[in-house]
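There are 2 protein chains.
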Amino acid sequence: MEIVERILAGDVRAAARAISLIECEDSLALKVLSEIHRHTGKAYVLGVTGPPGSGKSTLVDSLAQEYRKLGKKVGIIAVDPSSPFTGGAILGDRIRMQRHCTDPDVFIRSMGTRGAMGGLAKGTVGAIKVMDAFGKDVVIVETVGAGQAEVDIIKSAHTIIVVEVPGMGDDIQAIKAGILEIGDIFAVNKADRDGADRAVAHLRSMLELGTEPKDWTPPIIKTVAKDGKGVPELLAKVAEHRAYLEKTGGLRRKEREKAEREFREVLRERLAQYISDKMDKGEFEALVERILRKQVDPYSAADDVLAKLETK
Amino acid sequence: MEIVERILAGDVRAAARAISLIECEDSLALKVLSEIHRHTGKAYVLGVTGPPGSGKSTLVDSLAQEYRKLGKKVGIIAVDPSSPFTGGAILGDRIRMQRHCTDPDVFIRSMGTRGAMGGLAKGTVGAIKVMDAFGKDVVIVETVGAGQAEVDIIKSAHTIIVVEVPGMGDDIQAIKAGILEIGDIFAVNKADRDGADRAVAHLRSMLELGTEPKDWTPPIIKTVAKDGKGVPELLAKVAEHRAYLEKTGGLRRKEREKAEREFREVLRERLAQYISDKMDKGEFEALVERILRKQVDPYSAADDVLAKLETK
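Protein chains in written order, with the numbering used here: chain A, 751 to 1062; chain B, 751 to 1062.
It should be emphasised that the hints constitute simulated quantities derived from the structure, not laboratory data.
A hint or two may mislead.
A pair counts as met if it fits within one copy or between any two copies, since identical chains are not told apart.
Each computed DSS-like pair below joins lysine-lysine, with the alpha-carbon atoms no more than 27 Å apart [what the hints assert, rightly or not]:
no., residue 1, residue 2
1, K1031, K1058
2, K1028, K1058
3, K979, K997
4, K905, K1008
5, K822, K1044
6, K1058, K987
7, K781, K792
8, K1028, K987
Take these sequences, add in the hints, and give me the full structure.
Next up, the structure:
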């Protein structure tokens, strides 16, 4: 496929187009993903998550700059599920990122929620693969750490940085409980504010509450993303975590889990497609109508469909 | 099934047990859901969503009390996805709800995120069905209006109330953009605070930004949930919205969409089960390994599986 060859040759417009195809669930997207698969697996995927207002985007920006200093090519995927119905990303964030606009080796893409549940996670996995095949050494995925969808997205990352800020209220603490468990590294951003040390101590004590002792103790780094302070230290911790994963076989395990997850997802979709090919529209509609009228329950209806499939 | 008969007879322990089975994805749950299906469709489902700290739970509490005054039996499902890994609900919220503890006609259940993505939405749909079959006239589903999962959950509601409070920051505004579009009724809660009228005006102007003109103009009600102020007015608006849906065929359309969504979901799951029954574990593992080694891409692997299915 021409578009795949162009992605592999480093054509930014081809890569951008491929991600758009994925996001719109265009049928061509599957062909692209199918063909690029064997060219993936080289990029290191970094997840950055945290509540709104924690300065995540600025931190991602600074991380990208640090990686550029090391000569690494960087891809950024900013996931913004705040508007599930319009699919719009927050304009301000995107404008801010124009700092990298003139650097061809930083490729930024924002993704909003489209289509059905799971669409965003699936789309993000696809976008990561495109950036990987496109030759990015590091792909940074930025999400708001709130719902289940974001947690599923961040699972695609090799290393997860959770961003906090000093002095957040109790409501935020509740949200934090869920993402504490997924953080490999913690950044207390806006650390020039009052209460940074208290926030670090609080995080530390919450982390120590975790029941199972782990080989990897998540470090907590104070950062001031807007000035780049603490960002080299953060990068060093990412490198340490990567080395740890490589040494312990964790990297391979993560890759395997990712492959299995993706395969299961694809299988499920193909099956759904298969069944709707086998079943005519009228038949499906009639079944929905019968379910609605309580003449049959959805479970028995599904069993009937499968039984028919067997004999076709 | 005994448990189903007991639910239909109004045995609260049977209903609670059924919801637990659903939440744990016990195989018995499917049988229960299958059998109760024809006893559902009577309850009116009210969705209440809003950001943390907006006083949603107190408002739900007051709504339940108002419905009790009208002699309605009420079920409450408090969905709390804040901790996707531990499945825990915020204890404080649940304790607060003990106000209804001695009233057998208010049945409260909280649900945390369990298992895979979609698990929470699926579990909530199941819990609504149990409460419906159990004889509740009104089922109130309470969610934090953030991620995609919550939006999917709230879609099960006939009428959606979006709760806001005066003086929330810009970060919250961003989240709001997504849920503005799903609100049938808006409640500006904690309206005894400064800025309540400004919040109403702000909401009104944001709602008017919506491009497509609708038959139903979402009303905005000021409430002080802790004192029950504005709650009867809110209930009156729910009744108005219900009448509107009944008149315009919207209720039937919503029911049909729900039936179709549920059927598709069940079909997908049954298919996944079907394929893993047909495929031995070794075969699946071998394919994942080949995907991992980039010897095959997940799409081609899925096609192979389906092709084999055809000839079996």
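(message) Hints numbered earlier in the text: which of these fail when held up against the supplied structure?
(response) Failing hints, ascending: 3, 6 and 8.
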